[in-house]
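The chain contents come next:
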Amino acid sequence: MQAGEPSLVTLSGVAKRYLTGTLALRDVSLAIGAGEFLALLGPSGCGKSTLLRMIAGLTVPSQGRIAWPGGPPGARDIGFVFQEPTLMPWATALANVALPLELAGIPRREAEARAAEMLARVELKSFERAYPRALSGGMRMRVSIARALVTKPRLLLMDEPFAALDEITRFRLNNDLLDLWQAARFTVVFVTHSVFESVYLARRIAVMAARPGRITADLAIEEPYPRGEVFRTSAAYAAHCREVSLALEAAMAARAA
Amino acid sequence: MTEEGPPRLGLTAEGWTRLLAPLAIGLAVLGLWEGITRWKGIPPYVLPGPVLIAETLVRDWAPLSASLLVTLKITALALLVAAALGLMLAVLFAQSRVVELSLFPYAVILQVTPIVAIAPLIIIWVDDITLSLLICAWIVAFFPILSNTTVGLNSTDHNLLDLFRLYRASRWQVLWRLRLPTAMPFFLAGLRISGGLALIGAIVAEFVAGTGGNASGLAYRILEAGFQLQIPRMFAALVLVSATGIAIFLMLSLISHLLLRRWHESALGRGERR
Ligand SMILES: Nc1ncnc2c1ncn2[C@@H]1O[C@H](COP(=O)(O)OP(=O)(O)OP(=O)(O)O)[C@@H](O)[C@H]1O
Ligand SMILES: [Mg+2]
Numbered sequence: 003m004q005a006g007e008p009s010l011v012t013l014s015g016v017a018k019r020y021l022t023g024t025l026a027l028r029d030v031s032l033a034i035g036a037g038e039f040l041a042l043l044g045p046s047g048c049g050k051s052t053l054l055r056m057i058a059g060l061t062v063p064s065q066g067r068i069a070w071p072g073g074p075p076g077a078r079d080i081g082f083v084f085q086e087p088t089l090m091p092w093a094t095a096l097a098n099v100a101l102p103l104e105l106a107g108i109p110r111r112e113a114e115a116r117a118a119e120m121l122a123r124v125e126l127k128s129f130e131r132a133y134p135r136a137l138s139g140g141m142r143m144r145v146s147i148a149r150a151l152v153t154k155p156r157l158l159l160m161d162e163p164f165a166a167l168d169e170i171t172r173f174r175l176n177n178d179l180l181d182l183w184q185a186a187r188f189t190v191v192f193v194t195h196s197v198f199e200s201v202y203l204a205r206r207i208a209v210m211a212a213r214p215g216r217i218t219a220d221l222a223i224e225e226p227y228p229r230g231e232v233f234r235t236s237a238a239y240a241a242h243c244r245e246v247s248l249a250l251e252a253a254m255a256a257r258a259a
Numbered sequence: 004m005t006e007e008g009p010p011r012l013g014l015t016a017e018g019w020t021r022l023l024a025p026l027a028i029g030l031a032v033l034g035l036w037e038g039i040t041r042w043k044g045i046p047p048y049v050l051p052g053p054v055l056i057a058e059t060l061v062r063d064w065a066p067l068s069a070s071l072l073v074t075l076k077i078t079a080l081a082l083l084v085a086a087a088l089g090l091m092l093a094v095l096f097a098q099s100r101v102v103e104l105s106l107f108p109y110a111v112i113l114q115v116t117p118i119v120a121i122a123p124l125i126i127i128w129v130d131d132i133t134l135s136l137l138i139c140a141w142i143v144a145f146f147p148i149l150s151n152t153t154v155g156l157n158s159t160d161h162n163l164l165d166l167f168r169l170y171r172a173s174r175w176q177v178l179w180r181l182r183l184p185t186a187m188p189f190f191l192a193g194l195r196i197s198g199g200l201a202l203i204g205a206i207v208a209e210f211v212a213g214t215g216g217n218a219s220g221l222a223y224r225i226l227e228a229g230f231q232l233q234i235p236r237m238f239a240a241l242v243l244v245s246a247t248g249i250a251i252f253l254m255l256s257l258i259s260h261l262l263l264r265r266w267h268e269s270a271l272g273r274g275e276r277r
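Each protein sequence line maps, in turn, to chains L and P.
3 is the number of the first residue of the first sequence in the working numbering; add one for each residue after it.
4 is the number of the first residue of the second sequence in the working numbering; add one for each residue after it.
Keep in mind the hints are simulated off the structure, nothing from the lab.
Here a beta-carbon is modelled for each residue, glycine too, at the ideal position from N, C-alpha and C.
Careful, some of the hints might be misleading.
Stated by the list, open to error - Simulated restraints, written as ranges between beta carbons of each label pair:
id : chain 1 : residue 1 : chain 2 : residue 2 : range
1  : L       : Q65       : P       : R168      : 19 to 27 Å
2  : L       : T22       : P       : L88       : 33 to 41 Å
3  : L       : G139      : P       : G29       : 24 to 32 Å
4  : L       : S196      : P       : R168      : 23 to 31 Å
5  : P       : I249      : L       : G139      : 16 to 24 Å
Whenever a hint applies, use it, and build me the whole structure from the sequences.
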């Protein structure tokens with residue numbers, strides 16, 4: 003987060019110990035700026051999901067504080083995208099996207115109109131009436147993203163959303179996500195274990211180490227948006243990837259020590 | 004009837020095989036049965052042939068159909084009450100773990116106790132004979148619905164549950180929009196089992212009660228025919244019982260298919276699965 007930028011949410015000295023005794027996170031401090039695109043990068047088991055779920059309010063920290071300087075988030079301020087599309091199989095794409103609005107008590111007509119708009123934004127206009135099982139993995143993920151964005155959230159949390167997709171689909175969804183972010187300027191926290199994906203997407207990367215989970219490096223990727231295939235093949239991209247890989251290696255070594 | 008089958012009947016080549024193959028076997032067995040009874044000259048009071056049974060079915064249709072209606076009424080009512088109560092109780096269990104833990108063992112006890120053993124008691128305790136038959140059929144039918152629906156209500160995808168929590172959904176919204184739809188295939192599977200059980204329960208209870216008069220169901224017809232050594236009529240009643248059971252199963256399968264076909268794996272068309 004750049005100096006002087008207002009922060010959306012601030013974690014100070016956050017720790018999480020599960021009932022099983024696992025210390026998933028220890029002393030995590032992190033200020034997430036409004037409009038930022040932050041990637042959480044780290045090996046499996048370093049507490050990325052735990053951190054994300056704590057920001058979402060789905061898990062409470064055992065220690066430390068999570069503060070929202072601009073006021074606590076409302077029921078529609080946070081969107082969440084899981085690793086799996088996590089759609090309701092008995093509902094159409096449209097009904098799935100309309101769900102957050104309907105849960106908030108918005109009348110069905112209006113909710114579906116807004117959901118349809120959002121589906122069009124993720125290029126699924128002609129699939130409104132399709133059931134999830136009739137959609138491809140990439141399309142399901144788009145529906146999931148549309149659902150997360152339909153409430154116009156201030157904060158979008160994504161937990162390895164594209165990990166299960168093939169590379170072609172992943173690249174495409176990366177670009178679509180950046181377009182959506184550029185257009186609406188919500189804040190994104192994007193969990194990934196791919197160095198390349200994090201460098202391509204994020205403006206800032208928090209590198210994490212495991213056992214106990216903690217942040218070991220906080221790197222800025224000062225490259226202009228929109229980023230496209232030109233960026234992906236540029237020397238600057240390669241340099242950033244090298245830098246982040248080294249930071250990740252150091253984080254893994256710290257764990258082994 | 005071609006191998007392909009017209010699409011409007013919704014049957015593929017394999018669908019027709021599934022329909023025609025058992026039919027062919029059935030016809031072959033019936034033919035053999037008829038042949039043996041004729042050639043060996045087996046008297047009808049020992050083993051009537053299918054043709055005689057069919058004739059009896061037509062000749063005695065008036066009393067038999069009246070009894071069929073009685074049995075059907077009890078079966079349908081028992082199934083309806085079992086479905087409603089099973090579903091309600093399962094929802095209650097899903098809302099409160101304490102209620103589930105304290106009541107579920109009794110549901111199990113009700114299930115494992117043989118109905119023939121409790122039926123006489125129920126018939127003594129309850130004055131109205133129809134009501135006592137209904138209770139017996141209900142006892143047998145309700146457990147599969149209860150236990151299946153309970154499992155279904157607890158099978159919710161935990162990520163979806165988190166999503167509902169994120170949007171601060173009320174308990175009611177979680178139940179109505181998430182838990183119940185998840186439980187639907189489980190409930191319907193239970194219903195299909197219970198349909199047959201309700202019929203069995205009704206028949207067993209009728210046997211125990213041995214009711215005569217105009218409130219008598221198919222089981223009484225079987226008993227009566229047995230006493231009077233009208234064996235063809237006994238078989239005719241038996242045929243009706245089996246046919247009823249098959250019809251109930253097919254109907255519930257159809258309902259289940261119509262409700263689930265658009266989204267659930269169990270109801271996927273064969274062609275689509277390929
Ligand atoms: N509900 C839970 N109960 C107990 N322990 C848990 C729970 N959830 C996670 N953990 C433990 O906390 C640690 C961090 O888990 P977490 O899921 O946050 O890691 P992660 O970085 O998201 O890993 P991955 O990349 O594999 O998804 C792990 O050691 C895990 O075993
Ligand atoms: Mg994770």
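So, going through the hints one by one against the coordinates:
1. L/Q65 x P/R168: 19 to 27 Å: 22 Å, holds
2. L/T22 x P/L88: 33 to 41 Å: 39 Å, holds
3. L/G139 x P/G29: 24 to 32 Å: 45 Å, violated
4. L/S196 x P/R168: 23 to 31 Å: At 28 Å between Cβs, range holds.
5. P/I249 x L/G139: 16 to 24 Å: Cβ of P/I249 to Cβ of L/G139: about 41 Å, so the range 16 to 24 Å is violated.
Consistency with the previously given hints fails for numbers 3 and 5, ordered from lowest to highest.
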